[in-house]
Amino acid sequence: MDKRVTVLDIQRMKAEGEKIAMLTAYDYPFARLVDEAGIDMVLVGDSVGSVVAGYDNTLPVTMEEMLYHSRAAARGLHRALLVVDMPFLSYQVDLREARFNAGRLVKEGGAQAVKLEGGVPVAETIRAIVDMDIPVVGHIGLTPQSIHRMGGYRVQGKQDEQARQLLRDARAVQDAGAFAVVVEGVPANLGKEITASLDIPTIGIGAGPDCDGQVLVLHDILGLFDKYAPKFVKRYVDLSVPIRQGVGDYVREVKDGVFPGPEHCFK
Numbered sequence: 680m681d682k683r684v685t686v687l688d689i690q691r692m693k694a695e696g697e698k699i700a701m702l703t704a705y706d707y708p709f710a711r712l713v714d715e716a717g718i719d720m721v722l723v724g725d726s727v728g729s730v731v732a733g734y735d736n737t738l739p740v741t742m743e744e745m746l747y748h749s750r751a752a753a754r755g756l757h758r759a760l761l762v763v764d765m766p767f768l769s770y771q772v773d774l775r776e777a778r779f780n781a782g783r784l785v786k787e788g789g790a791q792a793v794k795l796e797g798g799v800p801v802a803e804t805i806r807a808i809v810d811m812d813i814p815v816v817g818h819i820g821l822t823p824q825s826i827h828r829m830g831g832y833r834v835q836g837k838q839d840e841q842a843r844q845l846l847r848d849a850r851a852v853q854d855a856g857a858f859a860v861v862v863e864g865v866p867a868n869l870g871k872e873i874t875a876s877l878d879i880p881t882i883g884i885g886a887g888p889d890c891d892g893q894v895l896v897l898h899d900i901l902g903l904f905d906k907y908a909p910k911f912v913k914r915y916v917d918l919s920v921p922i923r924q925g926v927g928d929y930v931r932e933v934k935d936g937v938f939p940g941p942e943h944c945f946k
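In terms of this note's numbering, the sequence shown opens at residue 680 and continues consecutively.
Keep in mind the hints are simulated off the structure, nothing from the lab.
Every residue, glycine too, gets a C-beta built ideally from N, C-alpha and C.
Mixed in with the good hints there might be a few duds.
Listed next, with one range per pair, are the computed distances between beta-carbon atoms [as the list claims (entries may be wrong)]:
| id | residue 1 | residue 2 | range |
| --- | --- | --- | --- |
| 1 | GLU803 | HIS757 | 32 to 40 Å |
| 2 | GLU942 | VAL772 | 55 to 63 Å |
| 3 | VAL799 | GLU697 | 26 to 34 Å |
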């Protein structure tokens, strides 16, 4: 078995020019499979609200839901570093609550790091959590918990001032002590500029090929979520086809009295 990936390994990968591969997973079986496939980091994202729970966005996701999915995924991992999203309203109220909820994700959820959205405005919060010896991943650019302010899922950083602000956000996240930062939904040239400006790794999602790593939602790359399809997603396989076929075969065999056969019965 390969040794467990640590925060130091992720930082070393940037220094050595090795790309970082990250995917979401929300339960034991998928976490086990992506871990065995060699993924470096697993994110239990609040995207679980959309792709598993069927919410329209990530805002309804609760701490209890994140703890449940984090615990399940943690049981499936033996190599990958487990990062867990702090859901909306778990870190925005005050520093005490942010520290408490981050601690719960580690203590009860098995997280090895937590991720929270925002740049300059959340720098103090990141610093407070890091001061507890909890590693933090930042998240700037298109931040899904801010969709109402942004007017939906829109590419960020197209205008010069917005791009300058994202560079300030990136540096603020780094200076606050985050060991990595997710950069989402920005032009590729800005993703490259942010990556070059930081000492910590950037993990891109719709931020171009020059980020230090990439992250996607597992259900997107496997064809298990089709409510919407962002431009930056690549579907590597469409598991919805064999799943529908298998379930359809089961339904027909039950209806026709073919299943269970003698080989499935006790004597």
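Going through the hints against the structure:
1. At roughly 35 Å, the beta-carbon separation of GLU803 and HIS757 lies within the given 32 to 40 Å, and the hint holds.
2. Our hint of 55 to 63 Å for GLU942 and VAL772 holds, since their Cβ atoms are close to 58 Å apart.
3. Separation of VAL799 from GLU697 is about 30 Å and conforms to the stated range, judged on CB atoms against 26 to 34 Å.
The structure is consistent with each of the numbered hints, conforming to all of them.
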